[in-house]
Every structure is written in structure tokens, then in C-alpha cells.
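K.L.:
Sequence:
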Amino acid sequence: MDMLNIKHPIEYVSGVWKFERTPRKGIKVRSTPDHLLHLVVSGSYLLKNNNRIYEIKPGSVIYYYATEDVEWLESKETVVFYSVAFKSEFIRPLPLESRVFKAVRSTVSAFEKLYGYSICQDEYVKTMGIYSSLLAILMDIQKYTSVPDSDKQKDKVADIWNSVEQKIRTEKKFRVQLNELCEMSHRSRATLIRICRKSTGESPMRRIRSIKMAEANGLLHFSTLNITQISEYLGYPRIHEFSREFKKHFGFPPTRIMNKRLG
6 MDMLNIKHPI EYVSGVWKFE RTPRKGIKVR STPDHLLHLV VSGSYLLKNN
56 NRIYEIKPGS VIYYYATEDV EWLESKETVV FYSVAFKSEF IRPLPLESRV
106 FKAVRSTVSA FEKLYGYSIC QDEYVKTMGI YSSLLAILMD IQKYTSVPDS
156 DKQKDKVADI WNSVEQKIRT EKKFRVQLNE LCEMSHRSRA TLIRICRKST
206 GESPMRRIRS IKMAEANGLL HFSTLNITQI SEYLGYPRIH EFSREFKKHF
256 GFPPTRIMNK RLG
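Using my numbering, you'd call the opening residue of the sequence shown number 6 and step up by one each time.
Worth flagging that the hints you see were computed from the coordinates, not collected in a lab. Treat each hint with caution, since some may be false.
[As the list claims (entries may be wrong)] Below, simulated DSBU-like cross-link-like pairs (lysine-lysine); rule was C-alpha separation at most 30 Å, straight line: (1) 253 - 53; (2) 177 - 203; (3) 62 - 203; (4) 203 - 178; (5) 62 - 81.
With the hints as extra help, turn the sequences into a complete structure.
P.N.:
Printed below as a string of C-alpha cells:
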């Protein structure tokens with residue numbers, strides 16, 4: 006009999022929510038760090054993400070990864086949606102062309118159960134229910150976003166860049182240069198730039214900056230580290246360099262988040 010040594014694919018669940026958004030136009034926000042899934046229950050709106058415009062309707066599932074720029078172009082009615090954020094190095098980010106899709110009935114049911122378990126008072130039932138429901142959702146998504154044989158090469162390209170991103174996150178190499186990225190991927194500068202643009206729509210260094218700022222944003226919101234510690238963790242030699250780059254990226258200094266967190 007073969008012994009199995011299977012680790013859980015989900016490291017942790019950051020949150021499960023049910024949101025209600027009144028009609029709005031031209032609202033710009035950023036998604037949470039790591040993986041984020043939405044299921045729209047009712048209402049419709051226009052969404053801009055990764056330079057693509059989507060018409061979101063009831064039953065739409067939207068996937069975000071690692072703090073992305075999101076813009077609600079227009080919604081003329083109240084929108085209700087479920088949301089779940091989680092961290093997983095095991096689960097591969099969905100390709101850009103598969104970030105919005107129609108949910109099947111079992112996925113809708115799993116989202117409903119997920120939210121129900123999230124407000125359960127029994128901690129054991131709550132924990133087990135959240136993870137089982139989320140895994141059911143992810144299994145569904147794997148089925149109806151699987152890559153056709155004709156697109157396998159595109160998937161391989163995405164895998165190359167995803168492996169670079171994972172190495173950056175796990176080894177905390179947030180201040181790498183392009184030549185170091187080439188060494189990580191065993192690719193030339195031109196090839197790596199092309200692969201990154203195909204996978205993310207950004208140049209390598211711009212993407213790394215986004216990853217670094219997403220990590221900073223997540224640490225400011227969810228960790229117990231102070232700004233000096235976060236700056237050191239991300240490899241900045243001086244705290245004011247971190248604060249300047251953070252403000253340039255988000256439009257406000259990291260102290261705003263820290264002060265709000267500390268109350």
C-alpha cells in the first residue's frame with residue numbers, strides 16, 4: 006500500500022464576505038493580496054481590469070490575483086456579491102483571458118454554503134465548512150476553465166513567469182534586477198520580457214514593483230509588523246525610500262493604513 010503525503014493546498018482564508026454596492030460610476034479600487042474570488046448574486050455593472058472591459062451580470066465569477074487595479078466603470082443598480090480571499094502557493098493564478106466566467110449551479114451553491122459557514126458560531130463547523138466549500142468552488146473552476154490543447158503553449162508561457170513570481174515571494178527577493186530575473190528563469194532579457202507581457206500585460210520590472218507594493222499593502226493591513234520592519238522585510242535600505250515608493254504607487258503614504266489599523 007502506497008503512503009500519501011498530501012499537504013493542504015490552502016494556506017489560509019483571509020476573509021469571506023457578502024457585499025452590497027449601490028449604483029456608482031468611475032470608482033477605482035485595488036483587490037486584496039493573493040487570490041480573490043467574487044460571485045455576483047444580483048445586479049450588473051461594467052468592470053475594467055487588466056486592460057479588459059467586462060459586462061458583469063448575475064452568476065458572473067470574477068477572479069483577481071495579487072492586488073490588481075480594478076475600476077467599476079458604471080453600475081445603474083445595486084450589486085450584491087459574495088467574496089472570498091485566500092492564500093495558496095499551490096494554486097496557479099488563472100490566465101488573464103479566464104478571469105471572468107459564468108458560474109455553474111454547483112458553484113453558486115458552494116458560494117452560498119461558504120458564506121453560511123463563515124457566519125456560523127461553531128468554530129469547528131465554521132472552519133471545516135469554509136475550507137470544504139472553497140475547495141468545491143476551486144474544483145468547479147478547474148473544470149470549466151481548463152486549458153484546451155490548442156492553448157497548452159500559452160499555459161506553459163504563463164507557468165514560466167508564475168514560477169519566477171513564486172520564487173520572488175518565497176525567497177523574499179523583492180528588489181531584484183532584470184538580469185537576476187533572467188537567471189531565475191534561465192531566459193534571455195528579450196524572452197523574459199515577452200513572457201511577462203503575455204502573462205501579466207506588464208513589463209517585468211513594473212510587475213515586480215506591483216508584487217512588492219501588494220506585499221507591502223497586505224503586511225500593513227494584516228500583519229503585526231510596523232512600517233520600519235515592513236521596509237526592511239521588502240529590502241529597502243532606508244524607510245523613506247519605501248514610503249516614497251508606496252505613496253507614488255497608491256497615492257497616499259503607508260502611515261495612513263498603519264494609523265487606521267492601530268485605531
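K.L.:
Hint by hint, work out which the structure violates, then give me just those numbers in ascending order.
P.N.:
No hint contradicted; all consistent.
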